[in-house]
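K.L.:
Chains S and F supply the protein sequences, listed in that same order.
Position 6 of the first sequence, counting from 1, maps to 6 under the numbering used here, and the rest follow consecutively.
Position 278 of the second sequence, counting from 1, maps to 278 under the numbering used here, and the rest follow consecutively.
None of these hints come from the bench; they were simulated from the model.
Mixed in with the good hints, there may be bad ones.
A pair holds if it fits inside one copy or across any two, identical chains being indistinguishable in the list.
[To be verified] Once the Cα atoms are required to be at most 16 angstroms apart in a straight line, the calculated EDC-like pairs of lysine to aspartate or glutamate come out as:
#, residue 1, residue 2
1, Lys143, Asp130
2, Lys143, Asp128
3, Lys13, Asp194
Protein chains: 2
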Amino acid sequence: MPAAREPEVIRDKAAMRAWSRRRRAEGKTVAVVPTMGYLHDGHLSLISTAAAADNPVAIVVTIYVNPSQFAPSEDLATYPSDFAGDLRKLASTGVVDAVFNPVDLYHRGTRRLAVASGGGAVSCLEEDGDGHETWVRVERLEKGLCGDSRPVFFRGVATIVSKLFNIIEPDVAVFGKKDYQQWRLICRMVRDLDFAIEIIGSEIVREADGLAMSSRNVHLSREEREKALSISRSLVDARTAALKGNTDCTQIKNKIVQTVTETGGEVDYVEIVEQESLAPVEKIDVPVVICVAAWFGKVRLIDNIEIDARS
Amino acid sequence: MPAAREPEVIRDKAAMRAWSRRRRAEGKTVAVVPTMGYLHDGHLSLISTAAAADNPVAIVVTIYVNPSQFAPSEDLATYPSDFAGDLRKLASTGVVDAVFNPVDLYHRGTRRLAVASGGGAVSCLEEDGDGHETWVRVERLEKGLCGDSRPVFFRGVATIVSKLFNIIEPDVAVFGKKDYQQWRLICRMVRDLDFAIEIIGSEIVREADGLAMSSRNVHLSREEREKALSISRSLVDARTAALKGNTDCTQIKNKIVQTVTETGGEVDYVEIVEQESLAPVEKIDVPVVICVAAWFGKVRLIDNIEIDARS
Numbered sequence: 001m002p003a004a005r006e007p008e009v010i011r012d013k014a015a016m017r018a019w020s021r022r023r024r025a026e027g028k029t030v031a032v033v034p035t036m037g038y039l040h041d042g043h044l045s046l047i048s049t050a051a052a053a054d055n056p057v058a059i060v061v062t063i064y065v066n067p068s069q070f071a072p073s074e075d076l077a078t079y080p081s082d083f084a085g086d087l088r089k090l091a092s093t094g095v096v097d098a099v100f101n102p103v104d105l106y107h108r109g110t111r112r113l114a115v116a117s118g119g120g121a122v123s124c125l126e127e128d129g130d131g132h133e134t135w136v137r138v139e140r141l142e143k144g145l146c147g148d149s150r151p152v153f154f155r156g157v158a159t160i161v162s163k164l165f166n167i168i169e170p171d172v173a174v175f176g177k178k179d180y181q182q183w184r185l186i187c188r189m190v191r192d193l194d195f196a197i198e199i200i201g202s203e204i205v206r207e208a209d210g211l212a213m214s215s216r217n218v219h220l221s222r223e224e225r226e227k228a229l230s231i232s233r234s235l236v237d238a239r240t241a242a243l244k245g246n247t248d249c250t251q252i253k254n255k256i257v258q259t260v261t262e263t264g265g266e267v268d269y270v271e272i273v274e275q276e277s278l279a280p281v282e283k284i285d286v287p288v289v290i291c292v293a294a295w296f297g298k299v300r301l302i303d304n305i306e307i308d309a310r311s
Numbered sequence: 001m002p003a004a005r006e007p008e009v010i011r012d013k014a015a016m017r018a019w020s021r022r023r024r025a026e027g028k029t030v031a032v033v034p035t036m037g038y039l040h041d042g043h044l045s046l047i048s049t050a051a052a053a054d055n056p057v058a059i060v061v062t063i064y065v066n067p068s069q070f071a072p073s074e075d076l077a078t079y080p081s082d083f084a085g086d087l088r089k090l091a092s093t094g095v096v097d098a099v100f101n102p103v104d105l106y107h108r109g110t111r112r113l114a115v116a117s118g119g120g121a122v123s124c125l126e127e128d129g130d131g132h133e134t135w136v137r138v139e140r141l142e143k144g145l146c147g148d149s150r151p152v153f154f155r156g157v158a159t160i161v162s163k164l165f166n167i168i169e170p171d172v173a174v175f176g177k178k179d180y181q182q183w184r185l186i187c188r189m190v191r192d193l194d195f196a197i198e199i200i201g202s203e204i205v206r207e208a209d210g211l212a213m214s215s216r217n218v219h220l221s222r223e224e225r226e227k228a229l230s231i232s233r234s235l236v237d238a239r240t241a242a243l244k245g246n247t248d249c250t251q252i253k254n255k256i257v258q259t260v261t262e263t264g265g266e267v268d269y270v271e272i273v274e275q276e277s278l279a280p281v282e283k284i285d286v287p288v289v290i291c292v293a294a295w296f297g298k299v300r301l302i303d304n305i306e307i308d309a310r311s
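Extracted from the complex, chain S is given alone in its bound form (with noise of 0.2 angstroms):
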């Protein structure tokens, strides 16, 4: 275990770039893993990740709740949060250099929520007049899953990220697969925009109940959380009976959802998708990903297993 170690927190979108560009001179590689903060266990995993990328190695780490990816009828006046425990955690691993915790990144003008900007999508991060009005958008990526039942989403992730990756200029990113489309949408960003950084998927950690962990599990009643692992239940139930032969994709969505509705979640959905194009498929014969996203109380969680059959 290595010594604890404080982090540089860093506030200034300027100050954050030179800190980043003083390191590259010193010939290190930079790397970032950006979070929302209330870190766990996976969080730092992907800081394990980012600290084994390559040596040597600066890690800065992101917390900035982001706005522009939460719609009006979302979490983000309520989602979690712990700045000083998650400087503790940080100095904990021993290997994080910078923590970038910006108060604002956008651009503000006059407000006007009520209408959208363009697209039909309406975020928490609306500006009219001078304000922000720069969107990244990964068309058919965004679509679908997650997509569907949170229309800003993504929107406002490719967004915050280009930000972020022209703030800090950064050689890798990791991002965590429990968002899977995320990772997905992130990559295929960075090879459109041309973006010179390396995206590394690190695994989802779990509880040792098989939960995945997540900020939004704290906001989870004991019954509730109990509840809740009947998704990871399923989705190791499913990957066990693909692997056994069972690879009828209508099959295995229904006994997901059976699993998750008869144990009090309320599906949003359940769907099995190519790794890579997350385009639906019909039997498991490529690499596929199973991904779940349910309601238990006010909670909206999501979970998924990757599957390759012919492995």
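Since the structure of chain S is provided, determine the placement of chain F on it from the hints.
P.N.:
Positioned in the frame of chain S, the structure of chain F alone reads:
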């Protein structure tokens, strides 16, 4: 007049980025001048602006006819080109270090030109499957003026410029104010996405008789070229009138439409807009720009003039 100096011709993205990073490591400022080739004195003026921007500076001129900013109905197929001539002109400036002339900058999947990939816009680059799908939109500034008659233009421009910025990683980029809306849109995009790039707007360069220089002028017949002078003449007259106190925009616009139409041009638009927001104004009591687009035969020309009546 500087001695002729052959710029290095680079076709490959990775080679371009490596070149640029070497210049930065040598302590040079990297300046980029994006063009679609068929260079004229307007382009050479952008290069002079870049050369004056900072010292020591490494200047990259990009020559790439970007398919995604053309609609299928527009003049991609007939856009003029003369790479050998361009190289001679660039060598004669004595200040250009590299020419980035890629064959294709987009990831290609299965083509599907007939179907819009999003937002209803269809360009000469619409990819399906695992092809290019990421677009940068500047949602307010892309509307109005040329955005109305060229619905995919600014989406294509913002996207290709983002790509060029990520490939070349310049410190400075120079754009011509002849493409006024494009220049303002790029400034806004750089601000909103936090590109670490200074954007310089370079003044319009005109022929001796006043015609704004454009690669498309080559397609004008002698007669059309003569008629096209009505644009610049009416703009200068409007500015003179405004500075004398005639600040009513309806009157000014009507006069320009009348002049251009009477000489045989077909007006696409005449607009008087605030210089930064490009919002239409009724009276010239803020810094404005008068923007004109008009057809002469098969050639669509644009021109503009800035007016600050307070100065």
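K.L.:
The structure should be examined with respect to each hint, and the outcome stated for every one.
P.N.:
Status of the hints after comparison with the structure:
no. : hint               : in the structure
1   : Lys143 with Asp130 : between (29 angstroms within a copy, 14 angstroms between copies)
2   : Lys143 with Asp128 : between (26 angstroms within a copy, 14 angstroms between copies)
3   : Lys13 with Asp194  : between (22 angstroms within a copy, 9 angstroms between copies)
Of the hints listed earlier, there is not a single one the structure fails to meet.
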